[in-house]
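> The primary structure of each chain is shown beneath.
Protein chains: 4
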Amino acid sequence: MVRVGIYGATGYTGLELIRLLRRHAQAQIAWGSSRSYAGQRLSDAFATVDDLPLVDESEADLAAVDAVFCCLPHGVTAPTVRRALAAGVRVLDLSADFRLSAADYQRWYGKAHEAPELLPLAVYGLPELHRERIREARLVACPGCYPTSVILPLYPLRRAGLLAEGQHVIADSKSGVSGAGRSLSLKTHFVEANNNFSAYNIGRRHRHIAEMEQETGLRLTFSPHLLPLNNGILSTIYVSLKPGTHEDELREAFAIYRDEPFARLLPTGKLPTLRHVVGTNLCLIGIQPVDVERGEVVLVSCEDNLLKGASGQAVQNFNIMFGLPETLGLL
Amino acid sequence: MVRVGIYGATGYTGLELIRLLRRHAQAQIAWGSSRSYAGQRLSDAFATVDDLPLVDESEADLAAVDAVFCCLPHGVTAPTVRRALAAGVRVLDLSADFRLSAADYQRWYGKAHEAPELLPLAVYGLPELHRERIREARLVACPGCYPTSVILPLYPLRRAGLLAEGQHVIADSKSGVSGAGRSLSLKTHFVEANNNFSAYNIGRRHRHIAEMEQETGLRLTFSPHLLPLNNGILSTIYVSLKPGTHEDELREAFAIYRDEPFARLLPTGKLPTLRHVVGTNLCLIGIQPVDVERGEVVLVSCEDNLLKGASGQAVQNFNIMFGLPETLGLL
Amino acid sequence: MVRVGIYGATGYTGLELIRLLRRHAQAQIAWGSSRSYAGQRLSDAFATVDDLPLVDESEADLAAVDAVFCCLPHGVTAPTVRRALAAGVRVLDLSADFRLSAADYQRWYGKAHEAPELLPLAVYGLPELHRERIREARLVACPGCYPTSVILPLYPLRRAGLLAEGQHVIADSKSGVSGAGRSLSLKTHFVEANNNFSAYNIGRRHRHIAEMEQETGLRLTFSPHLLPLNNGILSTIYVSLKPGTHEDELREAFAIYRDEPFARLLPTGKLPTLRHVVGTNLCLIGIQPVDVERGEVVLVSCEDNLLKGASGQAVQNFNIMFGLPETLGLL
Amino acid sequence: MVRVGIYGATGYTGLELIRLLRRHAQAQIAWGSSRSYAGQRLSDAFATVDDLPLVDESEADLAAVDAVFCCLPHGVTAPTVRRALAAGVRVLDLSADFRLSAADYQRWYGKAHEAPELLPLAVYGLPELHRERIREARLVACPGCYPTSVILPLYPLRRAGLLAEGQHVIADSKSGVSGAGRSLSLKTHFVEANNNFSAYNIGRRHRHIAEMEQETGLRLTFSPHLLPLNNGILSTIYVSLKPGTHEDELREAFAIYRDEPFARLLPTGKLPTLRHVVGTNLCLIGIQPVDVERGEVVLVSCEDNLLKGASGQAVQNFNIMFGLPETLGLL
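Chains as they are written, first to last, in our numbering: chain A, 9 to 339; chain B, 9 to 339; chain C, 9 to 339; chain D, 9 to 339.
Treat the hints as calculated values from the structure; they're not laboratory data.
Every residue, glycine too, gets a C-beta built ideally from N, C-alpha and C.
A portion of the hints provided could be inaccurate.
To be verified - Computed footprint of chain D on chain B, listed as stretches where at least three residues anywhere in the stretch have a Cβ under 8 Å from a Cβ of chain D:
#1 50-64
#2 282-290
As the list claims (entries may be wrong) - Mimicking BS3-like on lysine-lysine, the simulated pairs with C-alpha atoms at most 27 Å apart in a straight line are:
#3 Lys278(B) with Lys195(C)
#4 Lys250(D) with Lys250(A)
#5 Lys278(C) with Lys195(B)
Sequences and hints are given; from them, build the entire structure.
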């Protein structure tokens with residue numbers, strides 16, 4: 009049994025972790041921390057059937073755990089992560105703080121990284137790309153929700169050398185509102201978000217572009233949109249192949265996912281929908297050829313932003329790190 | 009052309025008034041006031057196609073208007089209403105401040121009324137019950153959204169003497185989220201309210217009971233619930249008739265609404281749904297007999313909480329007060 | 009490992025069973041039957057990640073299973089159930105066909121029962137009331153979704169003798185659209201049901217009243233409503249207690265659920281919401297006292313209509329029948 | 009007063025026309041036709057407060073009207089339109105049957121046009137492009153919902169010569185479910201469409217591409233998606249400008265819409281959302297520059313698919329045809 013702690017247990021990713029770990033045969037939650045709800049029980053604070061005493065971060069006992077999930081906001085995790093590592097505890101960080109190089113972090117987040125000495129320890133926690141390094145990692149930086157949905161369909165094409173040179177890939181993504189967290193805002197007020205749909209931070213403005221470009225080596229235009237539903241991301245991705253590339257070659261490139269438990273290419277003629285994946289840890293990918301001569305193709309990917317896009321992927325990484333079956337607690 | 013001002017123009021009832029008055033052939037908005045957005049234009053602050061300069065309440069020119077709609081929170085309207093009346097401007101107040109006697113206000117709102125001297129001027133603005141008094145009123149207290157949906161079906165039965173004595177009427181009401189206004193709260197955060205449904209303040213706790221009992225003379229148990237949609241109230245009302253009362257007699261009692269433009273009894277066998285009424289100023293009522301011998305019957309009423317339940321009814325009252333066709337701007 | 013078959017595997021209750029049994033450590037699905045999709049694989053027909061070959065009912069191999077879940081429409085199950093029982097296979101039926109006496113079935117479903125000889129075998133599958141009989145049963149009639157949400161809160165009060173005599177209990181229930189199944193209708197067309205809310209079959213017309221009255225011995229008025237969401241039932245229940253009954257006595261009556269894994273009374277001052285229970289097998293119950301002198305109280309119960317209201321409860325019964333831990337596959 | 013008839017009055021576009029014309033000071037509905045509901049009144053068949061006797065198409069009196077709105081499915085309108093024109097009645101057709109040349113119709117709809125002799129009479133009913141020809145037209149082919157949202161933002165750029173040569177424009181569009189009409193299907197069943205989001209017919213497969221290319225002279229990849237809401241289309245459009253084109257030049261190109269009542273460019277830094285436009289006849293457009301050197305820009309447009317995308321635009325055309333103020337009944 010691996011003992012774990014959860015920093016920031018009462019945000020949406022923290023609550024989802026608690027729900028997943030309840031069903032996990034080899035993990036036991038020792039504590040959850042919360043700034044706002046320390047001293048209460050989880051079920052007092054929220055409409056949930058899970059229960060857990062919530063402690064202040066300062067009282068979280070690192071000696072009682074083998075690993076911690078860190079669900080704190082980006083920009084404030086450095087002291088927590090440093091302390092945990094120093095105590096010999098392995099860290100799964102769900103913030104954006106350890107996903108990028110110090111230079112890229114500075115560029116996209118607009119300030120110097122607060123723990124650059126830890127960056128060499130960090131592994132980008134996308135198992136389909138970095139499984140072996142995750143196995144041994146002391147610090148895993150779990151990917152963002154949008155990047156997971158964009159990198160997984162692009163990586164095999166890039167790796168197989170099928171993409172035209174010098175192109176600008178377009179990723180038009182649509183996410184449920186839980187991706188924006190539980191902080192209150194007019195934009196996520198029910199009356200404003202319901203029956204509504206909107207684009208935001210489109211072009212080259214959203215910070216998740218940094219991860220997408222780092223992992224794929226491609227240049228992207230990225231357009232996130234807000235869907236009137238709770239969970240799920242669908243990305244529609246427009247790429248240019250080398251002219252004359254046939255669908256067979258694309259499909260062959262995806263053979264690298266053949267044994268992946270949670271990344272899957274759908275058969276010819278099928279496109280994924282959110283209904284396929286919500287509540288699962290899957291990223292499903294569909295291919296829609298447009299024009300073979302011109303090399304035009306559209307990829308569609310779907311995932312649950314709180315599972316494969318966040319907490320589910322964190323548990324997948326956890327399983328890898330501790331030598332457990334990778335699907336434990338995730339089926 | 010009647011010139012009007014709107015205090016609290018940027019809440020949901022204020023915005024709905026602006027939308028209605030845009031189409032109103034005999035009203036012209038001179039100004040809207042807003043605490044948070046004074047100095048901006050409406051279309052800068054909100055996703056709306058209506059436009060209006062927003063002024064601070066202190067700059068709202070009472071000399072420029074014949075009437076004001078007051079969409080301020082309850083408990084703070086007294087100085088504003090007093091000033092408007094003193095300037096000879098007629099007032100349509102949408103708060104709860106002038107709907108009750110001073111004693112009932114004290115009892116249900118837990119503090120002394122701040123302008124008891126104005127209460128004798130106030131008329132409860134439900135046209136189906138008080139049209140003649142509204143016509144001459146200087147101050148009309150527009151009813152709450154829940155009370156409108158509960159009083160309109162009960163009033164004819166009470167008036168016709170069909171109700172059993174000493175009973176406790178049960179009103180089980182369900183409202184869209186716009187009824188809770190635009191103040192941010194976890195309860196009305198999209199992720200929390202979507203796919204959810206909940207009861208709140210049930211029993212004898214919701215303040216709207218005071219209006220319902222004042223206007224019907226009945227004792228009520230009232231259970232409000234929050235629906236995952238923006239607009240609309242459906243009330244399911246359980247009453248005991250004098251045993252042996254037939255559906256015909258109930259229907260005959262509703263003859264008093266025969267010429268009403270906005271209160272309507274549906275034919276035998278039909279019950280209203282929110283889809284009938286959202287976007288209209290109608291309150292539709294259906295009758296479901298249960299057991300004639302025992303006198304059991306269920307009434308179902310539907311309205312748009314922002315229209316017949318608030319701003320639409322305010323415009324209806326405005327039309328009555330200024331001698332205009334009652335349906336102007338409301339069809 | 010218990011081998012099971014599922015008749016009617018592609019309706020919402022069938023799909024939910026497949027999802028639950030995938031995670032169940034002691035059950036293995038041998039086959040699923042489908043009239044419309046026989047010969048296809050589940051994942052070809054639906055947006056699901058589960059997979060299963062679908063066979064025609066005539067090809068469903070009873071020798072290969074220890075139990076069958078029967079998710080067929082009511083009125084057509086008799087031959088199937090009879091055949092399974094004759095083959096020595098234990099049956100969990102999710103239709104309404106074996107819940108009532110022959111006389112009540114005739115009265116509420118308007119035709120003679122087609123397998124009256126099997127009725128003595130059938131046990132009403134509400135574990136909180138009939139656990140011991142379920143253990144040995146060859147045929148378990150799983151309760152309807154509405155009845156589960158109404159019987160569980162009323163049963164303890166009735167059993168403790170706290171209810172006033174001769175009363176007519178009012179159950180005002182609200183259900184998500186999945187309760188209406190996957191048959192297409194204008195009422196459940198997205199554009200019609202979204203943003204809408206409606207009452208239907210209110211009074212003494214809905215057939216589920218029969219089960220409620222059978223199990224509680226009370227007379228009910230029952231008003232079902234359709235919520236614009238997929239899963240969940242909330243019932244608001246109005247009862248008259250013997251005058252002077254205090255909340256403590258009510259709470260004490262619920263002590264019989266103290267060790268129940270899936271029926272739970274919330275603490276004083278708390279009411280359940282759908283968000284608490286959707287995705288779980290729980291029925292949560294809250295008490296709202298109204299007037300102790302008059303004996304007025306409101307009960308609120310919540311459940312997921314596809315879980316505790318259907319497929320989850322079926323798995324709970326399955327666990328009991330086969331001597332497995334009752335919560336297996338349900339946490 | 010202009011007298012009008014509505015063929016196919018009970019589909020979503022027909023019902024929306026009825027709602028609009030109720031408020032229209034210069035139009036009077038003489039009749040509505042319906043295949044399924046002939047002989048009934050509108051309010052008997054639907055949850056609406058509008059009322060109208062429904063006749064069979066064969067009984068629709070062309071002598072009683074000056075114009076007809078034709079809301080029939082594509083492929084079956086030829087006899088109806090021919091008969092109306094022969095009777096001297098002007099026709100506003102909302103189907104796809106008169107929008108394209110005979111050759112394009114054959115290519116995209118897969119069969120020969122059934123009334124090619126009428127095509128020379130037809131004017132494509134997008135007022136911003138063809139107002140003068142609409143004025144005199146006997147037959148106006150109202151544009152599709154998606155094309156309106158794609159053509160209006162692209163046309164000014166094309167006209168001003170700002171677009172790079174030989175490019176493939178990408179239009180990623182998202183529509184509410186009412187765009188799929190009221191025919192029942194599993195895809196539009198509430199439980200399937202709610203909480204879901206999906207792409208369909210993406211690439212070069214959707215027939216609306218024909219109109220888009222005809223009116224803009226551009227080649228497009230078009231990806232429609234289905235949003236879990238009733239009304240609204242948002243299109244995110246990716247174009248390549250001539251390198252070095254500045255936002256000012258784009259904005260200047262949109263000056264041709266300066267006096268348009270229903271097509272509007274938002275100010276710098278603002279993007280439209282569905283909430284801006286639902287319930288209005290507006291198409292709002294926003295510009296998001298991405299990279300001036302490379303000429304990359306994203307356009308976002310929003311409209312209500314049943315208003316500017318269908319029935320509202322039809323009324324706008326109607327007003328133009330009959331010399332009425334263009335905004336009559338549409339504000």
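> Work down the list of hints and note, for each, if the structure agrees.
Outcome of the hint check:
1. 50-64: It holds: at least three residues are needed, and the segment 50-64 of chain B offers 3 whose Cβ sits within less than 8 Å of chain D.
2. 282-290: holds (count 6)
3. Lys278(B) with Lys195(C): Given that 27 Å is the threshold and the Cα spacing comes to 15 Å, the pair holds.
4. Lys250(D) with Lys250(A): The given pair, whose Cα atoms are some 24 Å apart, holds under the 27 Å limit.
5. Lys278(C) with Lys195(B): The given pair, whose Cα atoms are some 15 Å apart, holds under the 27 Å limit.
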